[in-house]
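Novice: Construct all of the structure, not just a fragment, from the sequences and the given hints.
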Amino acid sequence: MAPLLEIKGLKTHFSTDDGILQAVDGVDISINKGETLCVVGESGCGKTVTAMSILKLIAMPPGRIAAGQIIFEGRDLVPLTSNQLDEIRAKEIGFIFQEPMTSLNPVLTIGEQIAESLRRHEAVTKKQALERTIEMLKLVQIPNAEGRVHNYPHQFSGGMRQRVMIAMALACKPKLIIADEPTTALDVTIQAQILDLLQDMKDRFGMAVMLITHAMGVVAETAQRVVVMYAGKVVEEAPVDDLFGDPRHPYTQGLIRSIPRIDLDSEHKTRLEAIGGSVPILINPPVGCRFAPRCKFAMNVCTEKEPLLREIAPGHRMACHLGDPNLGAAS
Amino acid sequence: MSQYVLRRLLIAVPSLLAISLVLFVVLALAPGDPFSELATNPNVPPEVQAALRAKFGLDDPIYLRYLHWLNAMLHGDWGFSFVSRMNVDTLILQRLPATLYVIGSAQILALLIAIPVGVYAATKPYSLFDQIANTLAFVGFSLPTFFTGILFILIFSVTLDWLPFVYTTDIKATGIRWVLEMIRQAIMPVAVLGLFQAASMTRFVRSAMLDVIRLDYVTTARAKGLGQTTVIIKHVMRNAMIPVVTLIALQMPAVFGGAIVTEQIFRIPGIGSLLISSILSNDTPVVMAVTFVFACLVVLFNLIADVLYGWLDPRISLR
Ligand SMILES: Nc1ncnc2c1ncn2[C@@H]1O[C@H](COP(=O)(O)OP(=O)(O)O)[C@@H](O)[C@H]1O
Ligand code: SF4
Ligand SMILES: [Mg+2]
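Which chain is which? The protein sequence lines are A and B, in order. At the far end of the first sequence sits residue 1038, using our numbering, and the numbering has no gaps. At the far end of the second sequence sits residue 807, using our numbering, and the numbering has no gaps.
Since the hints were made in silico from the structure, they are not lab data. Be a bit skeptical, because a hint or two may be false.
[As the list claims (entries may be wrong)] What follows is a list of derived Cβ distance ranges for each label pair:
1) A:927 x B:695: 43 to 51 Å
2) A:786 x B:788: 52 to 60 Å
3) A:1000 x B:704: 49 to 57 Å
4) A:774 x B:788: 57 to 65 Å
[Unchecked claim] List time: in silico DSSO-like cross-link candidates among lysine-lysine, alpha-carbon distance up to 27 Å:
5) A:763 x B:722
6) A:763 x B:612
7) B:722 x A:834
8) B:722 x A:798
9) A:763 x A:834
Even glycine gets a Cβ: it sits at the ideal position worked out from N, Cα and C.
Specialist: Written as structure tokens, this is what we have:
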């Protein structure tokens, strides 16, 4: 069965004063119908740019899709114009953004903002759109939906606004929801509620979810499949159990070791193993493996030759020279 | 809402009082008074001069004169113009319509140019259109109205003889001819003032639009597939207009200043030229009253801006 969305060799570049920034550099990701795929990686790895490239929501210029295909239901989205993509935006692919505090227009009521999506994509009257909006607000468990529909964003808390964003993304019943760190900006207690709500909605509507996060804990709880990104590239991809049971890429291993664990006492918790160093700036990135400066296992070949994604078990791929049989004696 | 307006009007009272006091003191301390002409006129005997001065209280202490003026104002007596020999309020009411007609039309012209140009330029930053608009705005902003005014007169009145260069209130025509003549003679002053305003307003609108365009909720709107026009008008413009309204209101004093100059150049019998001629002839009651009217108009525009502000931005509650 063909995947719902297949990103192939995507390269998204930004022109900056210092040169071309290769934010996304040859990414392959595919999502099946009804599946939850997590995309994980530290800040600045290119997760948001990858997601925004799908519907061309990046700022163009300075951004540019330099290469690749984004095939949604058999159709490549990259050559489409913004007008053509408007038919897919919200209707086929819905978006939930990271910052509920700034992602809603402060001068329009939340009702107007949800209803405008319905009015754009479906032949509904104003009244029907309002009814559907109230129905959506009830689904995402906003109390007193009939009254709240006429309120402005500043009258809601962060968690409630994220519920509004979810209602908005779901309004046209898209086949795919892209949620870009939907809980990062929220309090820990609210985070769990929002993830539960997303899970509920997914069970109810059966859409596929691409959940972007930098928290491994979130991945373990929600994903079926995981893609690990580092510095604009996919470094490992596996079903969730394989990834946690047998992480192969040193970066993935580092991310997993940095998960705070509640089962350890507080003394151990403070000695969380963070990965030293930080994501490189993606203007003129070094040749070879981009993780090499931070990698404990780095070899000579790592700074000379770029590791390519290779399958190490069914459905489990990674890009690291470690244990590569083709490298022979070099490793 | 009406309560808010009422409260704001009440708050305006002390500031208007303070403005009037400062104006009064400055004018009282300025050299020359309405009777300086009498003093040099040999036909007026000194006793008569002294009697007149006493009658109008010109030699009283400043605070007494101010209280006199205030008391008279509150009773609707705006004073008497020694130069024009008529009541100040009648004089101002005669002159105000021409000023409001010219300034009002100029502001409308400025908005009609600045909003579309600024909005369109912001949607295509650094495009050819944007660069041309920016350059023209910069030129328009740097040329003072007295210069463009004289240039316009030289081109359109003297050389081409298309438009009259003296504005008159007693047009010898009726009906539609009168209307056309009113429009024809206002073209140059309105264009000079309006284009000058449009230049700075275009820059405000463009930068306000650019500030909003890159915000997250605009991406949210684009993610709904709304289309460029809807996104710009419904999501960007409405938010960008909030700072623009404030800036326009804060610019009102400068607009009146520009109007004074424009009225002088085109000899428009408005309150701006009334102010200049009254200053030149030491007609203190008129100077006082006209400046006070300007102050009231500025306060009024600030109030209008605040009301608009509350209407545009639901986060501000007008209570
Ligand atoms: N509009 C932009 N202009 C220039 N660089 C950008 C822009 N947007 C993102 N980037 C760069 O792209 C890289 C990846 O960013 P992003 O996708 O937001 O990371 P993530 O979502 O994984 O934290 C970063 O280095 C960021 O600076
Ligand atoms: S390729 Fe080399 S540097 Fe890169 S992760 Fe593997 S071992 Fe480390
Ligand atoms: Mg991000």
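Novice: Taking the hints in turn, state whether each one holds.
Specialist: So, going through the hints one by one against the coordinates:
1. A:927 x B:695: 43 to 51 Å: holds (46 Å)
2. A:786 x B:788: 52 to 60 Å: With a Cβ separation near 56 Å, residue 786 of chain A and residue 788 of chain B satisfy 52 to 60 Å, so the hint holds.
3. A:1000 x B:704: 49 to 57 Å: violated (33 Å)
4. A:774 x B:788: 57 to 65 Å: At roughly 60 Å between Cβ atoms, residue 788 of chain B and residue 774 of chain A fall inside 57 to 65 Å, so the hint holds.
5. A:763 x B:722: It holds: about 20 Å lies between the C-alpha atoms, which stays within 27 Å.
6. A:763 x B:612: holds (17 Å)
7. B:722 x A:834: holds (20 Å)
8. B:722 x A:798: Between residue 722 of chain B and residue 798 of chain A the Cα gap is close to 20 Å, so the pair holds against 27 Å.
9. A:763 x A:834: Status violated; Cα separation ~32 Å.
Checked against the numbered hints listed earlier, the structure breaks hints 3, 9; every other hint is satisfied.
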